[in-house]
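Listed here are the chains, written in short residue letters.
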Amino acid sequence: MPVEPDNHHLRGSQFDAAYPALSALRHGDAKLIGECEHAVRLMSEFRDEVAAPGALGWDARLFDTPASDISELLEQACRRGLLSLAIPHGLGGAGLGMLALSLGLEHLAAGCLGTANLLAVHGLALAIVGATGNMAQLQRLARRIVEGERCGAPYLVATAGTEAAVGSDLEDSELLRHARFDSHVEPERGGFRVYARKVFVSNGSLASCFVVLAPLDRERPRETLFAFLVDAETPGVMVSRVEHKLGQRVCPAAEVLFDGCRIPESHRLDTRPLTGRTLDLVLGASRSVVGAFGAGVAVGAVEETARDATRQMVDGRPLLDCRWAQDLLAHMWENAQLARASYVQALLANSRFGLLSLMEDARIRLVDRWVPSPLMALKPARRLLESSFVSHEASRLVRRLPSSSIAVASAHGSSSKVSTSRLAQENCELARQVLGGFALRESSGHAKRLRDARLLSIYEGTNEINDLDVFAKIWTSPGVEPW
Amino acid sequence: MVISNSSVGTMLCDSARGFLRRHGESLRQLDALAAPTMPQEIVDDVEQLGWLNPIVPAGAGRDDFDASMLADLVCCVAGTSPALASLVLTHHFASCVLGALPCPRANGWLALDPYSEPDHIDPNLRIEVTDRGAIRLTGEAHNVVGALHARHLLLTALKPEGTKVLVTLDAARTTIGEPIPTLGFRGAGTCDLRVAIDGESDPERFNGPFEIGCRFDEARAMLAPSAAALLFAVVVESNRVAEHFALTRIQGGRPIGEHDAIRRLLLRQRSALLACRAGRDACLAEPQAWLPALQLARQAACEGTDLGIQILGGAGYLSNSGAERWYRDARQASLLLGRSSVLAEPPKVGSGRPA
Chain H
4 MPVEPDNHHL
14 RGSQFDAAYP
24 ALSALRHGDA
34 KLIGECEHAV
44 RLMSEFRDEV
54 AAPGALGWDA
64 RLFDTPASDI
74 SELLEQACRR
84 GLLSLAIPHG
94 LGGAGLGMLA
104 LSLGLEHLAA
114 GCLGTANLLA
124 VHGLALAIVG
134 ATGNMAQLQR
144 LARRIVEGER
154 CGAPYLVATA
164 GTEAAVGSDL
174 EDSELLRHAR
184 FDSHVEPERG
194 GFRVYARKVF
204 VSNGSLASCF
214 VVLAPLDRER
224 PRETLFAFLV
234 DAETPGVMVS
244 RVEHKLGQRV
254 CPAAEVLFDG
264 CRIPESHRLD
274 TRPLTGRTLD
284 LVLGASRSVV
294 GAFGAGVAVG
304 AVEETARDAT
314 RQMVDGRPLL
324 DCRWAQDLLA
334 HMWENAQLAR
344 ASYVQALLAN
354 SRFGLLSLME
364 DARIRLVDRW
374 VPSPLMALKP
384 ARRLLESSFV
394 SHEASRLVRR
404 LPSSSIAVAS
414 AHGSSSKVST
424 SRLAQENCEL
434 ARQVLGGFAL
444 RESSGHAKRL
454 RDARLLSIYE
464 GTNEINDLDV
474 FAKIWTSPGV
484 EPW
Chain U
541 MVISNSSVGT
551 MLCDSARGFL
561 RRHGESLRQL
571 DALAAPTMPQ
581 EIVDDVEQLG
591 WLNPIVPAGA
601 GRDDFDASML
611 ADLVCCVAGT
621 SPALASLVLT
631 HHFASCVLGA
641 LPCPRANGWL
651 ALDPYSEPDH
661 IDPNLRIEVT
671 DRGAIRLTGE
681 AHNVVGALHA
691 RHLLLTALKP
701 EGTKVLVTLD
711 AARTTIGEPI
721 PTLGFRGAGT
731 CDLRVAIDGE
741 SDPERFNGPF
751 EIGCRFDEAR
761 AMLAPSAAAL
771 LFAVVVESNR
781 VAEHFALTRI
791 QGGRPIGEHD
801 AIRRLLLRQR
811 SALLACRAGR
821 DACLAEPQAW
831 LPALQLARQA
841 ACEGTDLGIQ
851 ILGGAGYLSN
861 SGAERWYRDA
871 RQASLLLGRS
881 SVLAEPPKVG
891 SGRPA
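Protein sequence lines correspond, in order, to chains H and U.
In case it helps, my numbering puts the first sequence at residues 4 to 486.
In case it helps, my numbering puts the second sequence at residues 541 to 895.
This is chain H alone, in the form it adopts within the complex (with noise of 0.2 Å):
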């Protein structure tokens, strides 16, 4: 007998908001699956043939030469489509959902965790752009990087936001009212003039394009934000510095210049400041994207770590025989289950809510599928792409989200980066204990996946950061019911 739902139990939205993953069924794309099986194929044909078996080697130079030349990963990366994954058929890409590119990249990160954030975080930048509803800057960039994926010249775009004396300031609305800018931008006849000095950039010393968060006036960050788009070949920009790190050294974090780069207005990606709203909608998908990185370093440490249990022995027997062994394994899987099921929650509730929910919208996911992309090239369709009406349309539709589905969207993102970053590092604790030694050697793999881990509870704002998130957005955020 169907059970008839009183006013006691959760219904309609609130029901979808406290179960995203069961809500995606009640809106699914029959074709998710299949592309969600297509992404993970290709992440762990990549992960097999490329990243894994070159990962060791590549850490030891870039520790040595953090600079180093790292175009034979790229030029593979290309070879597969990998960076245009997600950017739409009409585009030239693969057309391929959030939710597929992130299973994708959690297998990937199970291999090497640097090169999942080497290939995902120029989407960091692209959805900054999204968000702003700056389409025609958004084509311009997604036609870019197909055209440079087919030449074999990777084009990655980075975010440049954090600096010396500005780092998790720009994740929170109250830190970013004093946050204290070394940056600054001058507006001018036409144009802008960038002067920054940015740190930590992501890809910084590999960008072709850097997305810019700088203030118009200093002494007002908060509504005076903006976002700029530079080309790396701009004058005045330089790569002053690339980090030495603990770990993810296959994904350079750089210094950046930008002294004096001459931009059009056109490149401001929108006229009006970037809000915490924007903000909100762009982590809360990228955050979810961590906890994918975060569920394939707790399953590739549980798998490696089964692996190499069976090579040691133990008083006469193999050491996954040994039952305190066993015991720890079994929570290494339990772990890895609970960091998958976080980020795919995380995910559906931004593809229901946040940022994903206009980008992923079924109706136009459909048209995508079934107009053909030489159709999209031609001039008219482009013209009609990047002219002011579709970009005011989009920015339209960003700002018709309800708050309050943004405040889901971005709860659900930083709760599954803080969960599964901490058991992502937990299960490579783990594995230190169960192997003992061994784990101690670079040469393992185990060490290097302790380091590389250690910055998924760091980037994109540090847990403490995303807990101050989760409160506000679920305890303080009109319209949004804890339960």
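Hints may be right or wrong, so weigh each one.
Among the chain H residues that face chain U by a calculated CB cut under 8 Å, a handful are [said to hold, decoys possible]:
#1 LYS248
#2 ARG435
#3 ARG444
#4 ALA450
Covered stretches of chain H, going by a simulated chain U footprint (3 or more residues, C-beta under 8 Å) [stated by the list, open to error]:
#5 62-68
#6 156-170
#7 178-184
#8 314-320
#9 392-402
#10 465-477
Keep in mind that the hints were calculated from the coordinates and are not lab data.
Note that beta-carbon positions come from the ideal geometry of N, C-alpha and C, so glycine has one too.
Given chain H's structure and the hints, the job is docking chain U onto it.
Leaving out everything else, chain U in the frame of chain H:
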């Protein structure tokens, strides 16, 4: 931080301070290299200062051992170079095991694998004793710390019937590989080595095979305070870096140390530091409970140094921050003397692969 109150202990710590004034900068620079070796002048200086002198007289047991002196020395050195502290600790680990063996006391540096549990893990060395008493010893040994400087190595080998035995060996009789890159302790010179001996009987170059007995467990009980002291020193340094950063990094118009979240992290780190010290003190006060006491120090050190990075945020992830090296070294140090899980297993001393 000094806990020993004997004149010898004080003398050791004084000599360590002078030593670090001479070599501190060279020791710190080792961490910037992937797999450096400890400079010979430092190794020689350690030997001349008497830090390698036997702590356990031949034939003596735990009662004659003042574990606090070595713990103080290790703690003092580890604040600058956990790698060198681990070398000294490893030497004394081997020395404690050898102290009770019926063989001539070895001079100079000793080396062994301090991370695995030689009394539990089946070695990759095979030993055969022929009818005429000659020895055939072949195979490999891994993660041997101090092999590059050692005169003698302490290794375990597997007899054909599956019993594990101890041997001591002149380091010159082995082929020692290049130092292996490891997570932490850069400069300790961890190496793999290959042994191919057929017919050795000179007691200056080879001794054994000896039954393992309880020697490793006794040595661990003696060395646990030093291992905990090393961990304690590492957390002290991590905390020093974090507190300095918390005072000087301004966010939201005030030092981050005044932010609630960072205050809580600093509090947790201080607690970890105290737990680490408590672990060291418990290792000394209750030698029979050395394993849970050392485990407390291990967990606290891993948490404390993890917090050390977290307090610095992105800056903590950079190699020049001074935070990430303590994170790595704490994890390396937390396996010194062996895995807690293996050591907590019911003792199977002397047992091995079934015949």
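Here's how the hints hold up against the structure:
1. For LYS248(H), the shortest C-beta to C-beta distance to chain U is roughly 5 Å, which falls under 8 Å, so the interface hint holds.
2. At a threshold of 8 Å, the smallest CB-CB gap from ARG435(H) to chain U is about 6 Å, leaving the interface hint in force.
3. Because the beta carbon of ARG444(H) sits about 6 Å from the nearest beta carbon in chain U, less than 8 Å, this interface hint is met.
4. Nearest Cβ of chain U to the Cβ of ALA450(H): about 4 Å, under the 8 Å cut. The hint holds.
5. Counting residues of the segment 62-68 of chain H whose C-beta lies closer than 8 Å to any C-beta of chain U gives 3; at least three are required, and the coverage claim holds.
6. Check result for the segment 156-170 of chain H against chain U: holds, 3 residues qualifying (beta carbon to beta carbon below 8 Å, three or more required).
7. Residues of the segment 178-184 of chain H with a Cβ under 8 Å from some Cβ of chain U number 5, which satisfies the need for three, so the listed coverage holds.
8. Chain U is given as covering the segment 314-320 of chain H, and this holds because 5 residues of the stretch bring a CB closer than 8 Å to a CB of that chain, at least three being needed.
9. Counting residues of the segment 392-402 of chain H whose CB lies closer than 8 Å to any CB of chain U gives 0, which falls below the minimum of 3, so the coverage claim is violated.
10. Counting residues of the segment 465-477 of chain H whose beta-carbon sits less than 8 Å from any beta-carbon of chain U gives 6, enough to reach three: the coverage restraint holds.
The structure does not agree with numbered hint 9 stated previously, though it agrees with all others.
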